[in-house]
Amino acid sequence: MIWVVRIFTTSIGKKQLMALTGLLFLLFLATHLLGNLSIYGGQGAFISYAEHLHALGKLLVVAEVGLVVALLIHITLAVILFFENRKARPIQYAVDKSGGGGRTFSSQTMPYTGFLILAFVIFHLATFSHHIVDQTHRNIFQIAYELFSNKGILIFYLAAMVVVALHVRHGLWSAFQTIGANHPKYMPFIEWLSIIFAIIVAVGFGSLPLAILALK
Amino acid sequence: MSGKHINLTLKIWRQNGPQAPGSWEIFPAKDISTEASFLEMLDIVNEQLALAGKEPVAFDHDCREGICGTCGCAVNGRPHGPDRETTLCQLHMRRFRDGDTLVIEPYRARAFPVIKDLVVDRSAFDQVIQAGGFVSVNTGQAQDANSLPVPRNKAEEAMDAAACIGCGACVAACPNAAGMLFVSAKVSHLALLPQGRPEAAKRALSMVAQMDALGFGNCTNHKECEVECPKGISIRNIARLNREFIRAAVASTEKIPASGGGQ
Ligand code: SF4
Ligand code: FES
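Which chain is which? The protein sequence lines are A and B, in order. Just so it is clear: in the first sequence, position 4 is 4 by our numbering, and no numbers are missing. Just so it is clear: in the second sequence, position 131 is 131 by our numbering, and no numbers are missing.
Calculated from the structure, these hints are not laboratory results. Quick caveat, the model's predicted, so the values are computed rather than measured. A portion of the hints provided could be inaccurate.
Calculated pairs, DMTMM-like style, for lysine to aspartate or glutamate (alpha carbon to alpha carbon, straight line, at most 25 Å) [to be verified]:
#, chain 1, residue 1, chain 2, residue 2
1, B, K255, B, E226
2, A, K58, A, E146
3, B, K116, B, E65
4, B, K154, B, E226
5, B, K4, B, D121
6, B, K30, B, D43
7, A, K97, B, D121
8, A, K97, A, E191
9, B, K255, A, E146
10, B, K11, A, D96
11, A, K97, B, E156
12, A, K87, B, D126
13, B, K11, B, E40
14, A, K87, B, E156
15, A, K97, B, D100
16, A, K97, B, E85
17, A, K216, A, D96
18, A, K185, B, E156
19, B, K116, A, D96
20, A, K87, B, E226
21, A, K185, B, E226
22, A, K97, B, D98
23, B, K4, B, D98
24, A, K87, B, D121
25, A, K185, B, D160
Chain A with its partners taken away, still in its complex shape:
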């Protein structure tokens, strides 16, 4: 086997690829949020942000392809690791307690929040992506406004942001630990950052639909 491929068949190799793709998504989340915050500059700022983004042309396509490839890797490895880990404990404990307080709700629900995020991403792209939704007759603000006027969809979006936040809360520090970046000097900061960034994601993205509805 080629040595590079062999790395990614080991437990640590698979996890490090999970971590790197995860870090990429965190970076994407940060830029996506920063861009979308332009809504607070009013309708005009928001629309012009979307137009500038699409004007990137080929550069944007490269970024999109990169994210899709990373997503496929992240999902494939998640499925493999999930089933390997279930196989590693064929008989469950009768009493299964975290008495010492190691695991968190967020760490325990990673596979499930991950699955829900995938469902959300598909829905989100189907309702917003300029590749799928025709944006010649309606601008992005109108599309968003119509969508969020539907109470069900609004609640779905808000709930999805909480799910993303839960995934981020364990994923961020966990990615650093997996690539080997755990140091007494900065690990406490990274652990805090996980929680703070999770809150920023939930509140930041969660406020966008409400801002859009309020702006009309």
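Position chain B with the ligands relative to chain A; hints supplied.
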């Protein structure tokens, strides 16, 4: 010796052999001194079982002073019981209250099959050590202490990692039954010292390959191992193993053994 005496109900996993199905058995533990250790409590129960003509409960133990790593089972879902940094043999019955019910289970992991009752086969750990958890030097005369300078903080870190007694509680506590805390402790205590450096790359690759081949799970950073480890081994060792591994895989000439680093 005076002290208090308590009555408990024990729900213990009984399994006659590796292939036997196994089932729960409930019996009372009457008049247990709170000064008894957990294992002494099991001894008392076993005496009563033997007198009644029943098969005593098989459990692992050796030093009974918290240094050998032989004892251990899950008590109410917690490896080595509820106390932090305490092996099962060092856990005392004063920790429990009169009338408590204790659920006592063997460690559950594919890599640690049950031999009988609460005894599990942890030779998978030995196989991981055989894959590289050593230094190949000819021992001779003790060297002059200053010929190999070791900074004090490195010596301390190496000693902290070397405190691992190989009990397997980390695997038992891990929701994924991963062996990372043990393997990382073993890789770390050698990687931190000059004697361990020459073989560090080969060691990390071989031990990880062997760990994977033995059916341990994949670490997802739940930290359960760290909080249940009787020797307080830190997950910073796992981060070090992750670093050692990727550095060895990418930047050394050593290859990852095809399947398992052992023989
Ligand atoms: S790391 Fe801790 S829990 Fe794991 S085998 Fe060593 S001493 Fe036991
Ligand atoms: S019997 Fe030796 S550590 Fe418990």
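Just to be careful, I want the Cα atoms of B/K11 and A/D96 compared with a cutoff of 25 Å; is the pair within it? 15 Å, holds
Tell me if the straight-line CA distance from A/K97 to B/D98 falls inside 25 Å. At roughly 21 Å apart (the allowed maximum being 25 Å), B/D98 and A/K97 satisfy the hint.
What's the verdict on A/K97 and B/D100, does the C-alpha distance respect the 25 Å limit or exceed it? Holds - the C-alpha atoms of B/D100 and A/K97 are around 17 Å apart, at most 25 Å.
Does A/D96 sit within 25 Å of B/K116, going by the straight-line distance between their CA atoms? Holds, at about 21 Å.
Holds or violated: A/K87 with B/D126, Cα cutoff 25 Å? It holds: about 21 Å lies between the C-alpha atoms, which stays within 25 Å.
With a cut-off of 25 Å on the C-alpha distance, tell me whether A/K87 and B/E226 pass. Distance ~22 Å between A/K87 and B/E226 Cα, so the pair holds.
Taking 25 Å as the top limit, are the C-alpha atoms of A/K216 and A/D96 close enough? 51 Å, violated
If you draw a straight line from the CA of B/K11 to the CA of B/E40, is it 25 Å or shorter? The hint holds at about 17 Å.
Does B/E156 lie within 25 Å of A/K97 when you go C-alpha to C-alpha? Measuring from Cα to Cα gives roughly 32 Å; hence the hint is violated.
Below or equal to 25 Å on CA atoms is what counts here, so check B/K4 against B/D98. The hint holds at about 10 Å.
What's the verdict on A/K97 and B/D121, does the C-alpha distance respect the 25 Å limit or exceed it? 23 Å, holds
CA of A/K87 to CA of B/D121, is that 25 Å or under? Holds - the C-alpha atoms of B/D121 and A/K87 are around 18 Å apart, at most 25 Å.
In the structure shown, a violation is registered for the earlier hints numbered 1, 2, 5, 9, 11, 14, 17, in ascending order.
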